Amino acid sequence: MMRASFSRAALFSAAAARLPRCACPRQTLPRVTFVVSVRHASALESGHIDVGNKEGVIYINNIFPLKLQWLLRGPLAGTKSFEKRLKQIDKPHLAASTPWNIIRRVFPSDIGIEIKDVIPRFNEGGAFVKYSRKPGVEDTDIEAAIRHHLEKNPITPWFNPFQKVKVSRVIGRPWIEDLYRIPSQKLRVEFLPTDPDHPAVELTAETLYSLFRKYGKLRNIETQEPGSKVTPNYAYIEFARPKYAVMAKNCLHGYTVPEQEGGGKNGTKLKLRYERIIKASSIKDWLFNHPRIVIPAIAALIAGITVVIFDPVRTFFIELKIKTNLRTERNPTLQWVRDLASNANIMHLGLGRRKSDDRGLAAIWEGRQSDISLLQSWLTENIDTFIVVHGPRGSGKRELVIDQALENSKYKVIIDCKRIQEAKGDAEKISAAASQVGYRPVFSWMNNVSSFIDLATQGVIGTKAGFTQTLDAQLSKIWQNTSVALKRIALEGKGKDGKDSYLSDEEYLEAHPEKRPVVVIDNFLHNAMEQNAVYDKMTEWAAELVTGNIAHVIFLTTDISFSKTLSRALPNQVFRNISLGDCSLEVGRRFVLRHLQHDDEWSPGADKKTPEPLDDLDYCIETLGGRVTDLEFMAHRIKAGETPKGTKSPTTTRCFCVADQHGKAATNRIIDQAVFEILKIFLLEANTSEQPWNREQVWHLIKEIANSKDGVITYNKVLLSELFKKNGEASIHALEQAELVSVISVNGYPHLIKPSRPVFRAIFRRLTENKALSSRLDLAVLSELIRKENDKIKTFEEELRILEAMRRQPRELYPRITWLLQKVHKAQAKIGKYEEDSTALQAVLKAEQ
Numbered sequence: 006m007m008r009a010s011f012s013r014a015a016l017f018s019a020a021a022a023r024l025p026r027c028a029c030p031r032q033t034l035p036r037v038t039f040v041v042s043v044r045h046a047s048a049l050e051s052g053h054i055d056v057g058n059k060e061g062v063i064y065i066n067n068i069f070p071l072k073l074q075w076l077l078r079g080p081l082a083g084t085k086s087f088e089k090r091l092k093q094i095d096k097p098h099l100a101a102s103t104p105w106n107i108i109r110r111v112f113p114s115d116i117g118i119e120i121k122d123v124i125p126r127f128n129e130g131g132a133f134v135k136y137s138r139k140p141g142v143e144d145t146d147i148e149a150a151i152r153h154h155l156e157k158n159p160i161t162p163w164f165n166p167f168q169k170v171k172v173s174r175v176i177g178r179p180w181i182e183d184l185y186r187i188p189s190q191k192l193r194v195e196f197l198p199t200d201p202d203h204p205a206v207e208l209t210a211e212t213l214y215s216l217f218r219k220y221g222k223l224r225n226i227e228t229q230e231p232g233s234k235v236t237p238n239y240a241y242i243e244f245a246r247p248k249y250a251v252m253a254k255n256c257l258h259g260y261t262v263p264e265q266e267g268g269g270k271n272g273t274k275l276k277l278r279y280e281r282i283i284k285a286s287s288i289k290d291w292l293f294n295h296p297r298i299v300i301p302a303i304a305a306l307i308a309g310i311t312v313v314i315f316d317p318v319r320t321f322f323i324e325l326k327i328k329t330n331l332r333t334e335r336n337p338t339l340q341w342v343r344d345l346a347s348n349a350n351i352m353h354l355g356l357g358r359r360k361s362d363d364r365g366l367a368a369i370w371e372g373r374q375s376d377i378s379l380l381q382s383w384l385t386e387n388i389d390t391f392i393v394v395h396g397p398r399g400s401g402k403r404e405l406v407i408d409q410a411l412e413n414s415k416y417k418v419i420i421d422c423k424r425i426q427e428a429k430g431d432a433e434k435i436s437a438a439a440s441q442v443g444y445r446p447v448f449s450w451m452n453n454v455s456s457f458i459d460l461a462t463q464g465v466i467g468t469k470a471g472f473t474q475t476l477d478a479q480l481s482k483i484w485q486n487t488s489v490a491l492k493r494i495a496l497e498g499k500g501k502d503g504k505d506s507y508l509s510d511e512e513y514l515e516a517h518p519e520k521r522p523v524v525v526i527d528n529f530l531h532n533a534m535e536q537n538a539v540y541d542k543m544t545e546w547a548a549e550l551v552t553g554n555i556a557h558v559i560f561l562t563t564d565i566s567f568s569k570t571l572s573r574a575l576p577n578q579v580f581r582n583i584s585l586g587d588c589s590l591e592v593g594r595r596f597v598l599r600h601l602q603h604d605d606e607w608s609p610g611a612d613k614k615t616p617e618p619l620d621d622l623d624y625c626i627e628t629l630g631g632r633v634t635d636l637e638f639m640a641h642r643i644k645a646g647e648t649p650k651g652t653k654s655p656t657t658t659r660c661f662c663v664a665d666q667h668g669k670a671a672t673n674r675i676i677d678q679a680v681f682e683i684l685k686i687f688l689l690e691a692n693t694s695e696q697p698w699n700r701e702q703v704w705h706l707i708k709e710i711a712n713s714k715d716g717v718i719t720y721n722k723v724l725l726s727e728l729f730k731k732n733g734e735a736s737i738h739a740l741e742q743a744e745l746v747s748v749i750s751v752n753g754y755p756h757l758i759k760p761s762r763p764v765f766r767a768i769f770r771r772l773t774e775n776k777a778l779s780s781r782l783d784l785a786v787l788s789e790l791i792r793k794e795n796d797k798i799k800t801f802e803e804e805l806r807i808l809e810a811m812r813r814q815p816r817e818l819y820p821r822i823t824w825l826l827q828k829v830h831k832a833q834a835k836i837g838k839y840e841e842d843s844t845a846l847q848a849v850l851k852a853e854q
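If you read the sequence shown in our numbering, its first letter stands for residue 6, the second for the next number, and so on.
Honestly, the hints are just simulated from the structure, not real lab data. Any given hint could turn out to be false.
[Stated by the list, open to error] Taking lysine-lysine and the BS3-like style, the derived pairs with C-alpha atoms no more than 25 Å apart in a straight line are:
1. Lys191 <-> Lys219
2. Lys492 <-> Lys415
3. Lys492 <-> Lys542
4. Lys730 <-> Lys835
5. Lys328 <-> Lys520
6. Lys326 <-> Lys492
7. Lys759 <-> Lys714
8. Lys851 <-> Lys828
9. Lys501 <-> Lys415
10. Lys722 <-> Lys644
11. Lys722 <-> Lys828
12. Lys157 <-> Lys169
13. Lys708 <-> Lys685
14. Lys730 <-> Lys797
15. Lys219 <-> Lys326
16. Lys838 <-> Lys828
17. Lys328 <-> Lys417
18. Lys520 <-> Lys415
Bear in mind the structure is a predicted one, so any value in this text is a computation, not a measurement.
Construct the entire structure; sequences and hints are all you get.
Shown next as structure tokens:
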């Protein structure tokens, strides 16, 4: 007879008791007497299962889908809804199709027990079964019989065909609760005393292993740290699977460990609860606990993503810019629009004939045709070296290389170092370098954000994370992407005609130097410092292009020390060098005449604007020298109505009026403008604290060059001057870099010093002819010389005091004392002479007032 009265657990309803036996051909359902009164609600209210005399409790697991327990808190909230879903999948022809059938099949038919209560544990996937046993039958015997029965007749539920139903005897006092506690494979075992007057005993790992191992495979046992003040004492038991932990928790919770099992004299009660383990939380904790590993790894990951995603895009834009420049240069319509946009005269916006070279540079190129041909021949050779075009400012380096030598070059890249060097801050330098080659997208502003992250990270972990990339690292990325684009362009023609398909990329590039693009680095070493990341990375990149046969590299520079910088990138190499100086008298004359003839409204000697035939043109060119910028400026002034010298023509009386109207002649205007620049930069506003030279040294060089016969002075003579005895060579080199003077070397050794521009010789003469200015600067030189002699006397006097302080002067010191006295006498004599000269100069200055 079977009686069932169910309160909440509709899963064990009276209808379920009348279910037919499972139609399984291999086994029949056992005949067990069920007198079930499932008081699930009362167990939840009391929190415990009351067990009387001759009663016991076993726990059956794996009868509910444990992995689907989240449904109880979601759309299937509530026990009744969940039970209804279980009834819908009840299939009588399937073994273990319902929890009720599973429970009935657990017990063998001849076990001789009576089921009193069934308490389902949906959250834990099992159920407690309370039973009453016959006299003389022990709980251990019942447990052994059930396990023996399940070994012969295993039960596999439908929702988990790979795990079988297991049972175990409840030896503790389980806590029945419906709190939202997700079962996990880790348990926290707390040790509580059975008597408040006697403390609990902390169980050892061996004791815990013997208690918990029978419920499943253990993964780890963590005991409390020695000396810990946390109470009650505890330990962690971690099982291999969550179902083992569920079984152990329900069977051992509330169990009192007796003395013979290691529980102490009064025993130790076990309190078990799940220790929540969330993988995401563990990963998060590990990430936050290991910043020294995680933060650099994140930086490396971001860098890797950037390389994978953005580098191909950037290389494409660089390649596109190089090819677009070619189409733009060779498109006549675009060239016409560019000329219109750059022309300031609105009257030139008509659709008439385009003017030819209005600067008359053809005369310059005719004189330098040998340099152009030499440069073009180098570009067709398989050379492994740099090409350097050196010359002062205004010598036409850029025009000679880009407009003449590379006029028919298909692909060329022009990089202006001046724009990069004059950019303020690393972010602007990166943007300027990227815009030169078409490198985009570029996130230079991210460096500012990343620097703050690195600063915060350094305060946390003590080192920088590496989010901020240095200037040289960013430049390396830009140049590397440019190298990839240049190599692709150089290899475009490979295999098209079928002749070179068998060659590798390196062999093809080496065999066809004419296919390589040309990289022109203009204004190289502009504002260069001793340690400069921009130029260091640029020369390293240029060396890779040359040695890898990817491109030809041409440097345009005004710095005479370029070999020192380039030698670091390509040591033991001879550079192909073209030095551009001033043009000759004949070339300068043709340049000025053609420059004037290109003006449609002017013809020499006939037009009303021309005050006279250009009789004095040769004299002016000799005075100004062959610098293109100076000659061009003079031609502009002549077109404005000035004569070359401003003298009255014997054949034309009108020229004197025109020259007088404009005030100064073209040559004098150039000289006056240069005089103003030298006065401002080198003499009147010279900042001696920031420059390795002072104005006294500058004035000494100007006077010596102006008073020389051929405008050249010897290098060693300058070094012998008192003004240059301390760091004299560094001062001369700095003035050479500032383009005031030029040093001429003979056999690699500095020998002569001359003005950097021919017109400077006339300027130096004019400066020395100005009595007021010359007297003022001479007076400053004398003051500096007097100061130096006084410093010498102080040094000599200090040594004499030391010798005088000696009690006895040895005879060997007499020559030294005599020498010191002579030095003091000579220095004082010089001071006397300098003071006399200073008095004379002061009189001149007073007279000028």
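A quick look at each hint next to the structure:
A distance of roughly 16 Å separates the Cα atoms of Lys191 and Lys219; the hinted pair therefore holds under the 25 Å criterion. For the hint linking Lys492 to Lys415, the alpha-carbon distance of about 14 Å falls within 25 Å, and the restraint holds. Restraint check for Lys492 and Lys542: the C-alpha separation of about 19 Å stays at or below 25 Å, so the hint holds. Among the hinted pairs, Lys730 with Lys835 is consistent with the structure: their alpha-carbon atoms are about 16 Å apart, no more than 25 Å.
Distance check on the hinted pair: Lys328 and Lys520 sit about 14 Å apart at the alpha-carbon level, within 25 Å; holds. Distance check on the hinted pair: Lys326 and Lys492 sit about 14 Å apart at the alpha-carbon level, within 25 Å; holds. For the proposed pair Lys759 and Lys714, the alpha carbon gap of about 12 Å is at most 25 Å, so the pair holds. Between Lys851 and Lys828 the alpha-carbon distance is near 34 Å, which puts this suggested pair outside the 25 Å criterion.
A threshold of 25 Å between alpha carbons decides the hint, and for Lys501 with Lys415 the separation of about 17 Å falls inside it, so the pair holds. Between Lys722 and Lys644 the CA atoms are separated by roughly 44 Å; this puts the pair beyond 25 Å, and the hint is violated. At roughly 22 Å between alpha-carbon atoms, Lys722 and Lys828 fall within 25 Å of each other, so this suggested pair holds. Among the hinted pairs, Lys157 with Lys169 is consistent with the structure: their alpha-carbon atoms are about 12 Å apart, no more than 25 Å.
As the CA atoms of Lys708 and Lys685 are separated by approximately 17 Å, the hinted pair is consistent with the 25 Å bound. Restraint check for Lys730 and Lys797: the C-alpha separation of about 13 Å stays at or below 25 Å, so the hint holds. For a cut-off of 25 Å, the pair hint linking Lys219 to Lys326 is broken: about 74 Å separates their Cα positions. At most 25 Å may separate the alpha-carbon atoms for a hinted pair to count; Lys838 and Lys828 meet this at roughly 15 Å.
Simply put, Lys328 and Lys417 have alpha-carbon atoms about 9 Å apart, close enough for the 25 Å limit, and the pair holds. For the hint linking Lys520 to Lys415, the alpha-carbon distance of about 9 Å falls within 25 Å, and the restraint holds.
Violated hints, in rising order: 8, 10, 15; the structure is consistent with all others.
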